[in-house]
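Chemist: Hey, can you work out the whole structure from these sequences and the hints?
Listed here are the chains, written in short residue letters.
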Amino acid sequence: MIINSYFNIGLVISVITCISIFICTKFLISILWKFKSIVLDYHKSKKSFVAHPGGPSIIITILIAEIVLYYFTNELKIIAIILTTIIAGTIGLIDDLKNLGGYWKPILLLLSPIPIIFLDVYNPNLLFPLFGAVHMTIIYPVLILIAIPITSNTINTIDVLNGVSSGFTLVAAIPLVFALLLKGDWIMVLATIPLILTLTIFLHYHKYPSKIFHGDSGTLSIGAMYGAIAIIGGVEIIGVIALLPAILNSFFFLASVKRFTEHKLIKIRPTIVLPDGIITAEKDHRAPITLVRLIVAGNPSNEKTIIKYMMILAIFSSFLAIIVSLAMFGVAI
Amino acid sequence: MKNIFPLLGLVFISFVLVLLIFGIIFTIIVPINNLFQFRLGNIITGILKTSMVVILCMTWIYAINRITKFYLDDRLKNQ
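Sequences listed follow chains A and B, in order. Heads up, the first sequence is in numbering that gives the first Met the number 0, so the first residue is 0 and it goes up one at a time. Heads up, the second sequence is in numbering that gives the first Met the number 0, so the first residue is 0 and it goes up one at a time.
Calculated directly from the structure, the hints in this document are not laboratory data. Accuracy of the hints is not assured; some may be wrong.
[Claimed, not checked] List of simulated lysine-lysine pairs, DSS-like, C-alpha gap at most 30 angstroms:
id, chain 1, residue 1, chain 2, residue 2
1, B, Lys68, A, Lys303
2, A, Lys35, A, Lys25
3, A, Lys282, B, Lys48
Modeler: The structure is reproduced here in structure tokens:
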């Protein structure tokens, strides 16, 4: 009976999400072109422009779907997810309109996890495969404060080629839902549906060749929502493993540049686009290390092939995350 | 498909190291109580715990950095 009612709620929010993201994105693309809010797609041999930012359609859709979910469930967890996503999305939107700079963005993003802490919707028991659980009353809120800016920035940093950030987060969200299903946390499964469906339909417009780019408003809100679901659902480790290639990409970039900075401010770019559209790695040792540079090093490829490589990495890490979630929660079936 | 297998290997190595290092940090080091009986024991235990966490994190950073740099230099030589 309960599962049946969850199924009905899931159906309602699925329909709402699909209709909302479809209408909002289509409408937003025409509005952005009308107001000439377009950016150059760097990785194309011929000059091509793409509508930007697509974040508002993602934020509006997630907001509507999660409010409907809250109406049915009355769960504070949903409010925490909504607020975290909106705060990160607003910071991203400000950055899209007026560049915030390399340091301000991560500092302001520290505000986004505050609703999770104040609404007390987290469980301070961190579960590790092989090692067991640990109770962290004091350290856990501090970890939450750091985790959401990390997930937001991670998705933001992976947003380098057409469709990668949407596709990557979509693939990484599957182990989260799988782990939540194993835990039997139906509310959080329902809360993840808007993220998955929004990304699926947005990917249709974002995939190669892109009709719209996320912008920071899109990537930061998606990253914050992903982090919030992982923390509130108690599947943090699964979330980290599924995002591992994207986390490594951020780590490589930070370790090689040695400061918080915007990609567009980098003097020596990690890759070079040849006149025939082939992307090759920059040989200069001062160039930042990124996942794309590692993929094309000694193996120049076109954009489509690199996207395929990145998706293979995402699928592999999600597969590892599913194995770990089976090891952690499989007994509960 | 030339570069995909080394990169899958890199993801796998970092996965194993993440599980191992963060598992040790959060389930063994963080729950350690006061190791000493004297007055400043708490502070010394705190310093020891922080040092161990820093060393383990630096090990992860160093290992991943070394592997990546070795791989990149090797590939760029052949480019």
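Chemist: If any of the earlier hints don't hold here, list their numbers in rising order.
Modeler: 3
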